[in-house]
Amino acid sequence: MARLLEYRGKALFRRKGIPVPDGRAVQSAEEALSVADELGFPVAVKAQVHAGGRGKAGAILFAEDRDSLTQAVRELLAKRIHGAPVRELLIEKKADIEQELYVAVTADPSMRQPVAIFSAKGGVEVEQTADEEASAVFTMPIDIMRGFYYYDALNLLRRDWQLDSRRMFAVANLYTNLYRVYREYDCKLAEINPLALTADGPVAVDARVDIDDDALARQTTLDLEVAEEAGERAATALEVAAGTIDENDHRGSIHFVQIDPDGSYAQAEGKVPIGFDCVGAGTSLTTMDELVPLGYYPINFCDSSGNPVGSKLYRITKVIMSQPQIEGYVFVSCVSSQQLDNTARGIIKAFKELYPSTGGQPNIPCVLVFRGAWDDVAIDLFKQHGISAGRWVRVLGRDTAEIEAAEVFDALYKEWKSETGGF
Amino acid sequence: MSTLEFEIRSGGTIRIELDKCRSCETKACVKICNTTGMGQILELKDGVPALKPTLEEVKRGACTEDLACELDCELYGNKALVVSLPLPELDEYLEGLSEKPTYAREA
Numbered sequence: 001m002a003r004l005l006e007y008r009g010k011a012l013f014r015r016k017g018i019p020v021p022d023g024r025a026v027q028s029a030e031e032a033l034s035v036a037d038e039l040g041f042p043v044a045v046k047a048q049v050h051a052g053g054r055g056k057a058g059a060i061l062f063a064e065d066r067d068s069l070t071q072a073v074r075e076l077l078a079k080r081i082h083g084a085p086v087r088e089l090l091i092e093k094k095a096d097i098e099q100e101l102y103v104a105v106t107a108d109p110s111m112r113q114p115v116a117i118f119s120a121k122g123g124v125e126v127e128q129t130a131d132e133e134a135s136a137v138f139t140m141p142i143d144i145m146r147g148f149y150y151y152d153a154l155n156l157l158r159r160d161w162q163l164d165s166r167r168m169f170a171v172a173n174l175y176t177n178l179y180r181v182y183r184e185y186d187c188k189l190a191e192i193n194p195l196a197l198t199a200d201g202p203v204a205v206d207a208r209v210d211i212d213d214d215a216l217a218r219q220t221t222l223d224l225e226v227a228e229e230a231g232e233r234a235a236t237a238l239e240v241a242a243g244t245i246d247e248n249d250h251r252g253s254i255h256f257v258q259i260d261p262d263g264s265y266a267q268a269e270g271k272v273p274i275g276f277d278c279v280g281a282g283t284s285l286t287t288m289d290e291l292v293p294l295g296y297y298p299i300n301f302c303d304s305s306g307n308p309v310g311s312k313l314y315r316i317t318k319v320i321m322s323q324p325q326i327e328g329y330v331f332v333s334c335v336s337s338q339q340l341d342n343t344a345r346g347i348i349k350a351f352k353e354l355y356p357s358t359g360g361q362p363n364i365p366c367v368l369v370f371r372g373a374w375d376d377v378a379i380d381l382f383k384q385h386g387i388s389a390g391r392w393v394r395v396l397g398r399d400t401a402e403i404e405a406a407e408v409f410d411a412l413y414k415e416w417k418s419e420t421g422g423f
Numbered sequence: 001m002s003t004l005e006f007e008i009r010s011g012g013t014i015r016i017e018l019d020k021c022r023s024c025e026t027k028a029c030v031k032i033c034n035t036t037g038m039g040q041i042l043e044l045k046d047g048v049p050a051l052k053p054t055l056e057e058v059k060r061g062a063c064t065e066d067l068a069c070e071l072d073c074e075l076y077g078n079k080a081l082v083v084s085l086p087l088p089e090l091d092e093y094l095e096g097l098s099e100k101p102t103y104a105r106e107a
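Protein sequence lines, in the order shown, are assigned to chains Y and P.
If you read the first sequence in this note's numbering, its first letter stands for residue 1, the second for the next number, and so on.
If you read the second sequence in this note's numbering, its first letter stands for residue 1, the second for the next number, and so on.
Hints are not guaranteed to be accurate.
What the hints assert, rightly or not - Derived contacts from chain Y toward chain P, CB cut-off under 8 Å, selection only:
no., residue
1, Glu-133
2, Leu-238
3, Asp-249
4, Pro-324
5, Ile-348
Hints are computed from structural coordinates only; laboratory data are not their basis.
Predicted model only: the values in this text are computed from it and were never measured.
We treat Cβ as the ideally placed atom computed from N, Cα and C, and that holds for glycine.
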């Protein structure tokens with residue numbers, strides 16, 4: 001899923017006629033001052049990160065004058081919000097809010113159709129409202145063939161009698177425009193929280209726009225990077241690199257996510273960070289389950305399955321091995337029809353390129369388990385290329401269970417650590 | 001020097017130095033391509049590898065990119081064939097790294 005930063009989401013809103021506060025993205029105090037001089041004080045200073053809950057995380061500040069703006073900019077640019085560094089800020093004219101609403105259109109997989117969600121109790125506590133006061137949140141399924149019209153929006157808004165009827169018309173109009181954003185940009189979610197009711201009408205004070213990954217190829221105007229969904233944080237550079245592997249070639253797929261991008265979690269838990277690749281997500285999880293109790297933490301998830309071409313395995317192996325923290329590598333295939341000799345060739349080419357002085361024999365413990373179609377050929381290829389003979393390599397076959405793969409890796413790692421001292 | 005160079009589906013190229021191929025006794029690339037490669041795109045013409053499909057067909061996916069041609073040429077042939085598979089985003093990442101990956105370090 002590709003999530004747009006707030007200011008980019010607001011640019012889409014503006015294109016579809018949804019009012020947003022005047023403002024601009026900046027990267028320094030000087031730029032911020034220049035924008036504020038144009039807008040006039042007071043201004044909102046908002047960290048542009050993909051994480052939600054920014055209000056509660058202290059990622060939104062307000063400035064009444066140049067001094068407080070400079071201080072706010074410096075404070076936010078030095079911050080990490082839910083682990084993500086702040087590189088950009090949105091400087092906006094502060095809205096004079098009379099009431100905060102919540103409006104959204106999202107995909108509901110259980111109903112297999114979009115659903116409009118509305119609450120007159122928008123703002124930072126909206127999740128709590130949804131949990132504790134479900135009657136304050138209203139939904140309306142949308143027939144995607146029919147669309148979502150002004151009177152549909154009115155019907156939804158009228159379900160909360162607290163909303164001033166004079167304001168309802170402007171909000172209903174805005175709501176249909178929000179649906180246009182949702183449809184035209186292939187969103188999974190188009191959300192405004194809060195939608196501020198001001199003396200001048202409704203204004204989208206925040207914007208959350210999540211684009212469906214599978215639609216990115218046709219959303220070329222958005223200029224988005226393709227990467228696996230990684231929760232609240234933005235994609236890492238390695239995830240973006242891995243995301244390009246399937247870009248031009250749909251023969252098999254690569255799903256790569258850095259679970260612990262800087263290895264800090266593994267370190268805090270006293271575990272050894274390792275690189276990891278599996279054929280099949282189920283095998284991936286069961287192998288992780290065996291590795292973690294033994295003291296190893298795969299700092300990435302990777303599923304390279306669907307019978308990918310060898311070139312994909314070559315590229316993803318290089319990506320996995322480029323994580324500087326790893327002190328080992330485990331590859332396990334599930335028993336499937338994937339042509340494992342092609343898989344093996346990709347890994348062999350990568351190893352030979354990464355370890356040219358040893359002919360592809362790695363300097364960290366590596367366990368590779370080939371189970372499935374052409375597994376015997378895969379194992380033989382590692383022998384032919386002399387990689388199996390490496391001191392720190394074990395290439396295993398179809399009689400290897402996940403727990404045995406983990407145990408073999410454990411023994412090999414301990415040997416490697418004791419003999420070389422590690423890194 | 002005569003070469004055969006063509007683009008492949010995933011965004012890369014295969015380059016064969018045909019002068020080296022003339023003295024190759026095994027023609028390992030052609031043999032493995034027709035044994036393992038489901039695309040079977042290579043054939044022998046005038047004693048050197050040539051493409052069966054057109055360049056456009058190869059680029060559209062006729063080559064299955066199993067890399068067998070390169071690896072077998074390296075082991076059994078004259079090291080005349082190179083498959084180049086760029087990943088510029090990874091190169092950019094590596095340039096910005098403050099700590100070297102373990103493959104570039106001594107254990």
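- Item | Interface hint outcome for Pro-324(Y) [beta carbon to chain P under 8 Å] | 4 Å, holds
- Against chain P, with CB atoms and a cut of 8 Å, does the hint on Ile-348(Y) hold up? 6 Å, holds
- Message: Holds or violated: the hint that Glu-133(Y) contacts chain P, with Cβ atoms closer than 8 Å.
- Response: 46 Å, violated
- Would you settle whether the hint for Asp-249(Y) is holds or violated, based on the nearest Cβ-Cβ distance to chain P being less than 8 Å? Holds. Min distance 4 Å.
- Interface hint for Leu-238(Y), Cβ within 8 Å of any Cβ on chain P: 6 Å, holds
Checked against the numbered hints given earlier, the structure breaks only hint 1 and satisfies all the rest.
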